[in-house]
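Colleague: Construct all of the structure, not just a fragment, from the sequences and the given hints.
Here is what each chain is made of, one letter per residue.
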Amino acid sequence: MHNDKKLKNIIDALSRHENPSAVEVLERVGTNSSDDEVRRLTAKALIKRNTADSLAVVITNKGKGINDLSTSVAMSSINELLSMSDKTEVLKVLESTEENHEDESIRETARSIKALMAFS
Amino acid sequence: MEIKSISKNLFGIKRQNLESNQTNPFGVNYKGNMINADVFDVSFTGGKEKLIEKAAKKGKMWASAMVSSINEGISSRLDSIARFGSRMKENTINLWNSVHNFDFASRVRDLGNSVKSTITAINEYSTNNLLKCDPVDFIESRFVGLVRMREAAANA
Numbered sequence: 214m215h216n217d218k219k220l221k222n223i224i225d226a227l228s229r230h231e232n233p234s235a236v237e238v239l240e241r242v243g244t245n246s247s248d249d250e251v252r253r254l255t256a257k258a259l260i261k262r263n264t265a266d267s268l269a270v271v272i273t274n275k276g277k278g279i280n281d282l283s284t285s286v287a288m289s290s291i292n293e294l295l296s297m298s299d300k301t302e303v304l305k306v307l308e309s310t311e312e313n314h315e316d317e318s319i320r321e322t323a324r325s326i327k328a329l330m331a332f333s
Numbered sequence: 033m034e035i036k037s038i039s040k041n042l043f044g045i046k047r048q049n050l051e052s053n054q055t056n057p058f059g060v061n062y063k064g065n066m067i068n069a070d071v072f073d074v075s076f077t078g079g080k081e082k083l084i085e086k087a088a089k090k091g092k093m094w095a096s097a098m099v100s101s102i103n104e105g106i107s108s109r110l111d112s113i114a115r116f117g118s119r120m121k122e123n124t125i126n127l128w129n130s131v132h133n134f135d136f137a138s139r140v141r142d143l144g145n146s147v148k149s150t151i152t153a154i155n156e157y158s159t160n161n162l163l164k165c166d167p168v169d170f171i172e173s174r175f176v177g178l179v180r181m182r183e184a185a186a187n188a
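Chains as they are written, first to last, in the working numbering: chain F, 214 to 333; chain D, 33 to 188.
It should be emphasised that the hints constitute simulated quantities derived from the structure, not laboratory data.
Everything numeric in this text was worked out from a predicted model, so none of it was measured.
A few of these clues could be false.
Here are the simulated lysine to aspartate or glutamate pairs, DMTMM-like style, with alpha carbons at most 25 Å apart [unchecked claim]:
1. F:219 with D:111
2. D:164 with F:266
3. F:218 with D:172
4. D:164 with F:315
5. F:218 with F:248
6. F:300 with F:315
7. F:221 with D:183
Pairwise CB distance ranges (calculated) [unchecked claim]:
8. D:144 with F:309: 19 to 27 Å
9. F:250 with D:137: 42 to 50 Å
10. D:158 with F:324: 36 to 44 Å
11. D:158 with F:250: 54 to 62 Å
Think of the CB as a built atom: it goes at the ideal place given N, C-alpha and C, for glycine as much as any other residue.
Modeller: So this is what it looks like as structure tokens:
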């Protein structure tokens with residue numbers, strides 16, 4: 214099995230795994246990687262998991278998810294958020310971030326995404 | 033002396049009847065004594081062979097040589113066949129022993145284990161199998177390894 218396929222399977226398995234510590238693994242290993250593709254796949258997996266803690270990783274952290282320094286990774290995360298069928302949890306996190314986060318840029322990004330979701 | 037008076041039987045040799053000539057082929061007796069066939073045997077001639085005996089002897093020698101060489105040829109061929117037979121027998125026995133001692137069971141078991149290992153290696157990274165890993169330490173270790181490989185390749 215090719216390594217790219219292995220990597221995708223691992224990230225997919227962590228996205229769907231019942232054990233809550235899977236989120237920590239994705240954040241610890243995936244979102245901190247220097248490889249753009251790894252960060253992109255990890256952010257997508259965290260969004261698909263659709264839990265408060267997994268969504269918080271990609272919305273509230275500088276340099277991760279929608280705040281990633283790579284434009285392609287950030288745009289990919291935003292698209293994934295906008296295409297979600299169940300947006301209940303993500304809207305809660307966005308609102309909480311918009312109101313309470315200490316970092317202005319992160320608050321601004323959350324507000325923008327929330328606005329886009331209203332139109333999608 | 034007239035020629036006519038000269039006896040044809042100058043030496044007094046009288047001829048015998050033909051019927052009694054089994055041992056006296058020439059039907060000759062000398063001074064009343066029957067001359068037997070053994071007179072014509074070589075041993076009585078003091079080693080001096082007659083031409084016919086010489087020819088017969090040469091023929092016999094030639095025939096003897098022929099038979100001897102034929103026998104020799106036949107013997108060597110028979111030896112060759114015997115050696116071939118022995119070799120074939122030895123090879124058959126060795127083959128039988130090899131087959132008899134071949135441990136089919138362990139070979140099949142080794143092959144089975146090898147196939148199983150390969151299948152296990154392929155299935156190790158299937159999503160369904162990874163989902164069954166709990167805790168997720170195994171998944172994390174594989175995740176770390178693959179990420180580092182990608183990063184190393186990118187930096188190379």
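Colleague: Give a verdict on every hint.
Modeller: To see whether the hints hold, each was checked on the structure:
1. F:219 with D:111: Violated: residue 219 of chain F and residue 111 of chain D sit about 70 Å apart, past 25 Å.
2. D:164 with F:266: Judged against 25 Å, a Cα distance of about 22 Å means the pair holds.
3. F:218 with D:172: holds (16 Å)
4. D:164 with F:315: Given pair residue 164 of chain D, residue 315 of chain F is violated - Cα atoms ~39 Å apart, limit 25 Å.
5. F:218 with F:248: holds (16 Å)
6. F:300 with F:315: holds (24 Å)
7. F:221 with D:183: holds (16 Å)
8. D:144 with F:309: 19 to 27 Å: violated (57 Å)
9. F:250 with D:137: 42 to 50 Å: Between residue 250 of chain F and residue 137 of chain D, where Cβ atoms are some 49 Å apart, the hint holds.
10. D:158 with F:324: 36 to 44 Å: holds (41 Å)
11. D:158 with F:250: 54 to 62 Å: violated (21 Å)
The structure fails hints 1, 4, 8, 11 (numbered hints given earlier, in ascending order).
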